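Given next are the chains, with one letter for each unit.
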Amino acid sequence: MFSLIVGLVVAVVLLVVNIVLLKISFVPKELRILTIISIMVGYVYWGFEPFAHHEMHPHVAEASYEFDGKGDIEALEAQAKEIEAKGGDRSALDTEIAQTKEFWSNVVAISELSGNVETGSELVVANCTACHSIESEGFPKLMEDTDAAAAYGVTPPDLSLAGRIYDKNYLAAFIINPVKAMHIEHKYPVTGSKVFPMPGSDWMSNQEIADMVAYLQEVASKVDAPTVADGASDFEIAKAKNKEVFEAACVRCHSMEYAGIDAKTSAEAMREYIGATPPDLSQHIRSRGADYLHNFINDPQRKLPGTGMPRVGLTLEAEKQVVDYMEQIGDSKKQEREALGPIVLIYLTILAVFALLWKKQIWKKLH
Amino acid sequence: MAEFEKANSIGEWFDQRLNTSGFWRVMMTEYWIPKNINFLWAMGALLAMLFTLLLVTGIFLLMYYKPDVNMAFDSVNYTIMQEVAYGWIFRNIHGVGASVVFLVIYIHMFTGIYYGSYKKGREMIWLSGMLLFVLFSAEGFSGYMLPWGQMSYWAAYVITEIFGGIPFIGDELVIWIRGNFYVADATLTRFFMLHVLLIPLAILGAIVFHFYTLRFPHVNNEEGEFFDYKEESEKYLAGNQKESKVIAFWPDFLSKDFMVISIFMIFFFYLVFYHNAFAMDPVNFDKADGLKTPAHIYPEWYFLWSYEVLRGFFFDIAGISGKSLGLIAFGFAQIIFVLLPWLDKSPMVKPANQRPVFKYWFWILMADLFVLTIFGKLPPTGINAWVGFYASISFIVLFLALPYLTKLEAKMVGGK
Ligand code: HEM
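Protein chains in written order, with numbering that gives the first Met the number 0: chain L, 0 to 366; chain S, 0 to 415.
This list has only true hints and no planted wrong ones.
Calculated lysine-lysine pairs in the DSS-like style (CA-CA distance at most 30 Å, straight line):
id : chain 1 : residue 1 : chain 2 : residue 2
1  : S       : Lys322    : S       : Lys291
2  : L       : Lys364    : S       : Lys349
3  : L       : Lys140    : L       : Lys193
4  : S       : Lys349    : L       : Lys28
5  : L       : Lys358    : S       : Lys349
6  : L       : Lys358    : S       : Lys34
7  : S       : Lys241    : L       : Lys359
8  : S       : Lys241    : S       : Lys118
9  : L       : Lys359    : S       : Lys244
10 : L       : Lys28     : L       : Lys364
11 : L       : Lys221    : L       : Lys140
12 : L       : Lys22     : S       : Lys118
13 : S       : Lys358    : L       : Lys22
14 : L       : Lys186    : L       : Lys100
15 : S       : Lys244    : L       : Lys22
16 : L       : Lys302    : S       : Lys291
17 : L       : Lys302    : L       : Lys167
18 : S       : Lys241    : L       : Lys364
19 : S       : Lys349    : L       : Lys363
20 : L       : Lys22     : L       : Lys363
21 : L       : Lys22     : S       : Lys119
22 : S       : Lys229    : L       : Lys28
23 : S       : Lys241    : L       : Lys28
24 : S       : Lys118    : S       : Lys34
25 : L       : Lys22     : S       : Lys344
26 : L       : Lys22     : S       : Lys34
27 : L       : Lys28     : S       : Lys119
28 : S       : Lys244    : L       : Lys358
29 : S       : Lys118    : S       : Lys229
30 : L       : Lys333    : L       : Lys319
The hints are simulated quantities; they were obtained by calculation from the structure and are not laboratory data.
Quantities reported herein were computed from a predicted structural model and do not represent experimental measurements.
The shape of chain S in the complex, shown without the other chains (with noise of 0.2 Å):
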């Protein structure tokens, strides 16, 4: 180990010592960022914000939440929210932070998936994003349980139950994913346990390894252009920097994110203030009865997509019956979106309306989306069910084009 000069200040004595310096060059000043991007590549930062607001509130919330059936309705509603000091902002403030980081996880997303930034060396960060999203649809649905109101109850019914339509070990699997045969206190506990504990632990780490993913792919640009990094960065550092297609991560990237995410907070705050009943459903504020079904079941509005590919197929298609292949359906919708890096065969990276064939297929399945999204939430009678059905065959079709789809717009670009 080389000799310590005495350090001149704190900074100097940690730097010394753990390179920070070092650390925050590689990290921050000299990450390189393309400077082509629009907003809506501050929707990362912006969902980091969103996560670290639901883990602080969370974990006020923890100092009085009860995860007991007995109790647990009125640890949220009576001492949370109107007990404890403030304890309704904090509440408040998770539930619509649990539904508006859905809401930015799709914009997210779809952003990916508009711009081509799935492929091309950008696998992982598609994977690793997948991966959050399960996370957080997982953390999502164990945390609606928690308050134990009748939506609680009765989407933790109808969801859990959906396991027993896997073949052979379905019906163990449901009691065994229950603890018990129905829906009951032991369900809760290890819903609890799994929201608090395991799975926000596993999105700390999935979040770190995406950023990992993002570190040598780059992030795309609003162009899909590919450019040597190298080169620019030394532009930018030799204060060439209004040439330089790049930017560097700080302060350049995170003043403009910082910026995005402070007019979000505006919007964000209106809707934890006066406009919450979306996030936090007025059924869930009626106690959890096993005996009293609501006269309507539905999930959170950012399942309803999925929930309605389950609900789609709602007669027997040659001997097989409608459940089952709901249950397809809803597997398939689970993982395409996976998939979507090796569906796409063609090499344009590009955003979708600069895309001869991608445009339509993107535009058309936003449609789909919104159509599923909408009708999920409705009661599937009459002409709602034909609705649904046609949307879920189309979402299904949409993926399984895909593939010819884009070999199509390859040979029309010629392999550009």
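Chain L extracted, bound-state conformation (with noise of 0.2 Å):
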């Protein structure tokens, strides 16, 4: 409403000032036409793009990646407010805050533990190798893909980057709740019959979670850079790199088209998993843009309240790798494009100077 009034007054103040530039008679008739058009034509830019996009696209709160429960107790105390100030009942509510204060809070007391690796590599092998191969340390998978979503729900990930990708605190909170650190509690209610595939383990003791966090960022540091072929570039090795982990984090349940990559679980799983089937992220860099992708990636509910995607808690530096996974698969040419701007923009220019030399010699004799 506010942005309405000033861009209706801004729309009149621009009318003026194009008819009292009309007036202005010191300055070259030309230029005044040229500045009057351009006014006009950035006015309507400035409505169709910029003010258009910020009508349609409200803001939501930044990325965080802290991990430490801040946004989600600010997000329930909102919703809290709104239910009272429509005068419904916040007891549940409460009830909620009160429990993710307590989650949090036992997740950041986590994080200042020191973890040993040793119990840490015992408890994990107690207790998630069953499901969960660890390649990079000799834990294969016990069955096909297919078979495991088939089996599980969804294809359970590899474990190998999980310490390097994944947020510390995350993790940890991850341990102990999966459906609480993911945001898909609509899609998994406490109380529905839908039960997530992986178990919570909040019956282990904090400084056991902590070591199980400490094991996986040592087997996640041991992890070999990919393998490029000799003599690749910066820009391949870079993006081998980021491919291993938009694998090891999207590939799961989303496919990339045009990298050749399916995703791990069926569409069909998936519907059952989360009840939607994930789109293929080939284009999404220029559907959604960097800006838009890191915002999601980071907490999908933020964006689009009520999607089946979970937040999967990557680290920033993990999340910048996927983002530009996706924009040299779905921008690859965008080197390339960089590249040649400014020589064609240069050329143009050169040539525009000589344009107006002729010009002005071709109207010498006419004036």
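Build the complex: two chains, separate frames, hints provided.
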């Protein structure tokens, strides 16, 4: 509403400016006309691009990579306030807020403990490798992806890179209560009949959780950089590294057709698991843009409340790699474009100078 | 047939057979243009340039594009954009060109309106120009469907649906246009045909016709002055070019056009390389999906004003449904500019700011079109819907009032 009034006032001001400009005689006429037209074109552009986007895509909270629960609690409190303002009952939400606060203060407490890699290793072998592979450590997949998807509902991720690409706090939160960490309580309500494939380990002690996280971090730090062909360019090397993260973080559910990557879980299994078919990501860098992707991946519920996509808990670093990879596939000619752009513009500028001189020469005899 | 001397040069050989020197003289060096013009008179040549760019890049895109609902999206976004060497630049030029051509058409059109270049002998220029506008609109709309993204699909759906509102034949008509009950493969292939063959042919013809219509009335000038072209051109040919009120099409006029085009191309290619999202909507990089309606459906920016007139009537008035009213208003908006030469009853051919009544009409119309364009993109809810309604009403009232306002003006200026 406010921007609307501002917009209309600006329109009126611009028209007045235009009419005044028509009359200022000390500025060359052609320049005045050009100014008037630029103002009008600029105004219309502002209206149908930045202004329209601003109106259609309301601002949401910034992405946060702290994973300390602050955002979750704020969102719940805002929700409670809204209910209260409408005269509703906020007591259910208050309980949830209290639980959420406790949950995250526990997570933060865990992050302050120093974990023991040895014990962590034992705990992971005892508790995780029945379903998860850790190929870099020689724990192979026990089933083919499709069979695993059929058995568990979704293909369980390999954990080789988990300690690097997922935030430390997030990992702890996830082990304790995956559904809560992922923000998909609406898909797996506590009271519902649908059970999330991975059970939470809230029975473990804080120290044990810290040990497991420490072990996963240790494992990830030992993973070799992906192999590339001899003489590969920096671009290719970066792309291979980004691809590794993309595959670990996104490909269980999403395909990337333009890179020849299929999702590890079938569309049917995904519908069962999350109630939707995740889109192919080949062109998302164009259809959503990097800014949107960052905010969305960091916490999908913020941009798209109710979406089936879980918060995956990537670190900022890993998320950048994912988005970079999407750009390297979806906008693969970006480098070429940016290299050619200046050359074309310089050429045209020179051409324009010559055109100007030629015109001046021809018109000398006319004036 | 006269005896031919042996030609001394290739030029002469052709001249003997085709009278090329005579042709050149008539079309170029002795085609007279007023001297008193500014760069707005270069917009026509700029349009010809942009159309050429669209034609050439279009031909290249055609080599890889696949008009099939299963292949179209990837043939554009993968084959052309990522695989074919420099395919992306052809698409970017084509996509940005399609948007920018409308920008320049609007500048060209409103220049004509501002300077009164549509009346007193220039009616045919105006009509052929409007024909080009209609053809370009159809070309833009059909082309937008080809990448078969979400906006392609849903814009096609919404726009073809409009025809359903026509009484009696509406439903049949929609099916006839789509070639199916819904927007489908048949729709894509027929719009493909229109986009790459029929409409471009018609545009080429219409451009030639538009140029022809310019020949006898001559283009207008900054002061709307009428003068004796014969007298002025004789001055020019006698070497008195400084005094003469005319210049030659070649090289005088075209040297200026070439300058304007060159400067404009810097801006244009800046958009092509660095700023093309306004012309290639992000939503259209999602594959078409008939089961998933996008959150916001809107046409390209250049159709927003008339789209807003269509949506403006969102409630029933006097027992007529809002939808029908919108359709009537939309039809009105589509044809009303064509009638401008006959709605303007004032004899004045002068820039708008020198016309006592018309100047207000012109600037209010501009403001109204800005409002319609901007609100045409916003979701039509709450206050937006009302702004759209009043802006649509204003648009109609402006045109209905024009004959009366200009008659008043005619009285004020006493028939001059
Ligand atoms: C791509 C399409 C078009 C091309 C290539 C084109 C080309 C031209 C050219 C070369 C001129 C002469 C120079 C100038 O005044 O710019 C001209 C004049 C004119 N055009 Fe167009 N035009 C196009 C579309 C239109 C449209 C859509 C309209 C509006 C209905 C229009 C209306 C006029 C008028 C009224 C003039 C005369 C201007 C005057 O006398 O001062 N044209 N056009």
